[in-house]
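**Student:** The residues making up each chain are set out below.
2 protein chains.
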Amino acid sequence: MKLVVKKFGGTSVGDLGRISQVAELLRKFLAENPGVGLVVVVSAMAGETNRLTALAKSLVAEPDPRELDTLLATGEQVSIALVSIALRQLGIPARSFDAQQAQIATNNRHLEAQIEGINAAALNAALARGEIPVVAGFQGVDEEGSITTLGRGGSDITAVAIAAALKADACYIYTDVDGVYSTDPRICRYAKRLTQTSHEEMLEMASLGAKVLHPRSVYFAMQYAVPLVVLSTFNPERGGTWVVPEEELVEKAVVTGITYRNDEAKISVHHMPQGIKSFNLVFSALAEQGIFVDMITQAGAADGTTTVSFTVPDEASSKALALMQALVPKIKAEGASLERDIAKISVVGVGMRYHTGVAAKLFEALAAEGIDVSMIATSEIKISVLVPRKFSEVSIRALHRAFIENQPEIALERGAAAV
Amino acid sequence: MKLVVKKFGGTSVGDLGRISQVAELLRKFLAENPGVGLVVVVSAMAGETNRLTALAKSLVAEPDPRELDTLLATGEQVSIALVSIALRQLGIPARSFDAQQAQIATNNRHLEAQIEGINAAALNAALARGEIPVVAGFQGVDEEGSITTLGRGGSDITAVAIAAALKADACYIYTDVDGVYSTDPRICRYAKRLTQTSHEEMLEMASLGAKVLHPRSVYFAMQYAVPLVVLSTFNPERGGTWVVPEEELVEKAVVTGITYRNDEAKISVHHMPQGIKSFNLVFSALAEQGIFVDMITQAGAADGTTTVSFTVPDEASSKALALMQALVPKIKAEGASLERDIAKISVVGVGMRYHTGVAAKLFEALAAEGIDVSMIATSEIKISVLVPRKFSEVSIRALHRAFIENQPEIALERGAAAV
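Quick note, the sequences are listed as chains S and Z, same order.
This note's numbering puts the first sequence at residues 1 to 419.
This note's numbering puts the second sequence at residues 420 to 838.
You can take every hint at face value.
Derived pair list, reagent style SDA-like, types lysine to any residue, alpha-carbon separation capped at 20 Å:
no.	chain 1	residue 1	chain 2	residue 2
1	Z	K476	S	Q89
2	Z	K447	Z	V423
3	S	K252	S	P227
4	S	K57	Z	P512
5	S	K57	Z	I511
6	Z	K476	S	I92
7	S	K390	S	A365
8	Z	K476	S	R18
9	Z	K476	Z	R571
10	Z	K476	S	Q21
11	Z	K476	S	G14
12	Z	K476	S	D15
13	S	K57	Z	Q440
14	S	K28	Z	L478
15	Z	K476	S	R88
16	S	K57	Z	R507
17	S	K57	Z	L435
18	Z	K476	S	S20
19	S	K167	S	E247
20	Z	K476	S	G17
21	S	K330	S	L281
22	S	K57	Z	S439
23	Z	K476	S	P93
24	Z	K476	S	E24
25	S	K57	Z	D434
26	S	K57	Z	R437
27	S	K57	Z	Q508
Residues on chain Z that point at chain S, a partial pick, calculated with CB under 7 Å:
no.	residue
28	L490
29	V497
30	S503
31	A505
Derived by calculation from the structure, the hints in this document are not laboratory data.
Backbone N, C-alpha and C fix where the C-beta goes; we use that ideal spot for every residue, glycine too.
With the hints as extra help, turn the sequences into a complete structure.
**Tutor:** If you want it as structure tokens, here you go:
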């Protein structure tokens with residue numbers, strides 16, 4: 001039997017009108033696809049998780065995590081009941097499943113639990129009876145029977161995990177946008193919706209700031225080779241973007257997307273005497289304080305000293321600067337500085353594995369606009385650069401033009417390293 | 420180990436301030452009663468169940484009962500989490516239990532499920548670890564693992580059932596009044612709070628309109644001989660009313676309370692030719708339509724005909740009248756009439772079992788005020804009369820004066836019939 005999982009986010013079930021819309025969408029799908037099995041996964045109504053969190057936090061600054069999870073899980077429980085009620089009204093034999101009923105087992109790390117397994121028996125039995133299970137996203141049950149939640153992007157993870165457990169043919173992620181774009185359409189009017197992308201590209205794009213899917217759910221889908229479809233609840237006929245295993249891509253574009261993030265800051269420690277020990281002190285000081293470091297570069301000077309620069313989340317930047325300033329006398333550096341007006345722009349594409357010249361083309365495109373790049377970082381399928389934040393939009397448009405609007409003419413060298 | 424169950428209703432946990440108040444009340448109790456085991460049962464925050472019901476009903480006029488139960492159960496789940504969070508903040512090792520976790524098994528009659536058993540193992544294990552279980556009232560789980568709810572008064576029933584299952588020493592019902600009164604204090608300024616009453620008296624008073632406890636929970640407590648204490652969340656030091664097995668009553672008052680209800684209407688079918696068949700037609704017509712009949716009287720006339728009168732819930736009275744009018748030609752009665760401006764006043768007390776003259780005293784008290792009684796019904800421990808609704812307050816005050824303010828001087832006849 002063909003089987004699909006369809007997941008609806010908080011905006012898609014944000015009010016009763018939208019819940020009715022989701023029910024109608026599913027009725028149409030079932031009518032047009034007789035014999036196809038369907039499992040529905042839903043998030044809490046938009047705003048509900050925040051409302052519940054605020055409720056707990058106005059009682060206590062740091063609510064007990066187990067109890068906070070019990071509280072938050074009611075958000076999805078409300079949604080599964082309302083969606084099931086709306087479906088049954090249309091004559092569809094829906095049946096709600098909370099995490100206990102769907103047998104979604106997690107570890108006991110409350111607020112950011114990880115799914116350890118789904119016993120597919122209960123959902124399979126419902127499917128065999130011809131029912132449409134409507135499963136609460138975002139939640140699980142630990143070994144002791146306590147309710148857990150999965151953290152940000154949790155409902156997507158639930159949907160992907162169920163698709164993997166039931167060996168579904170695809171997992172549809174319905175959201176408020178109609179797919180994944182080659183870049184942010186608000187910045188670049190020529191941004192185009194991707195028909196296809198690979199899990200790995202999507203993972204890079206998700207991590208780099210495309211807000212459509214949470215990296216953890218993409219990672220999960222990649223691990224279990226679950227095809228994802230991202231599409232709009234409100235315009236499902238537009239088709240959306242398929243996220244598939246790389247080998248199934250029809251076309252391997254050199255650059256699939258241009259992403260950006262403006263929430264990092266750059267810190268430099270200037271003119272450190274060279275030596276591994278100073279490096280070690282810098283990064284272990286940051287690690288001890290739980291500060292996440294993203295890009296790192298170093299540059300040697302003629303006097304034998306080294307300047308090391310790195311990026312950290314903007315919200316941690318003052319703390320990071322203070323740590324570095326405290327370290328300056330100890331490692332005999334000249335000083336430490338913080339630069340906050342930066343943006344990180346990335347070009348992503350699996351085709352980079354097989355093409356050279358991407359970095360050259362990138363620098364050329366930015367140089368033509370008079371934009372200096374202050375840091376660069378690469379992986380097999382992406383190149384990220386740091387530019388002044390005021391040039392963020394200009395950079396995105398220039399790179400989109402160079403790599404996506406004008407098809408790149410770069411020599412194919414199978415197996416060659418990227419860049 | 421001494422063990423008590425304490426249940427807090429919707430008003431008691433109606434907002435965050437009140438939840439903190441409940442937590443403080445419990446902290447004080449634990450500090451003053453070291454070594455006493457405690458299980459807390461809570462309702463949904465006041466208004467929440469109505470809000471959730473309205474949400475479902477604005478989707479669909481008649482929501483699927485299983486799904487409505489899943490929806491409604493979130494109300495108590497929010498409460499157990501918030502109360503546990505507030506208690507843990509005070510250093511009390513609280514732990515929330517939903518119905519699944521507390522192992523409250525019910526039948527599958529959604530929206531009015533009945534508790535079939537509580538496996539005390541989980542709660543006992545928590546108590547043995549020194550924890551304070553905070554259990555969701557009003558809900559259970561059926562054989563299939565579906566969430567059920569217990570209907571009106573459900574949280575009280577949960578509390579009593581847990582007290583029975585754990586063999587607790589008492590079940591405290593915290594509410595927004597400070598106990599059970601001898602009559603409605605808004606009507607009679609001399610109404611006095613009862614220190615003690617029996618389950619059976621309470622059951623009569625609950626059924627007859629005292630809104631403090633739901634009859635089902637009192638019935639449950641009577642069956643399992645669980646002592647109940649009704650008291651105010653906001654003035655717990657006032658002490659409240661104990662509801663105990665009759666044999667434990669210190670004083671068996673002839674009349675413990677005067678209750679009333681204004682939500683019934685009286686229907687008469689006039690001058691029916693006598694015969695069991697007509698009676699049968701009258702009451703089976705009502706039963707077929709699910710109309711609940713309360714008091715019934717019949718009076719024979721000199722011409723050999725009978726007039727039968729009965730009371731029904733006011734909301735069903737028009738329907739009942741129409742049924743009777745349709746029946747009039749068939750049973751050759753003279754006509755049917757409806758009287759809506761009536762009130763039912765009852766005097767209740769276990770002492771009636773052992774005293775005569777209560778009815779006489781009742782008629783005398785009402786006659787002294789010039790009030791005619793149109794119907795009368797009796798049980799072992801109560802007498803109910805129907806009076807014109809405009810005389811409702813006057814009747815209550817007169818009976819309160821006669822039976823409660825002035826201690827009755829009635830000859831004791833052990834074992835004599837009431838009335």
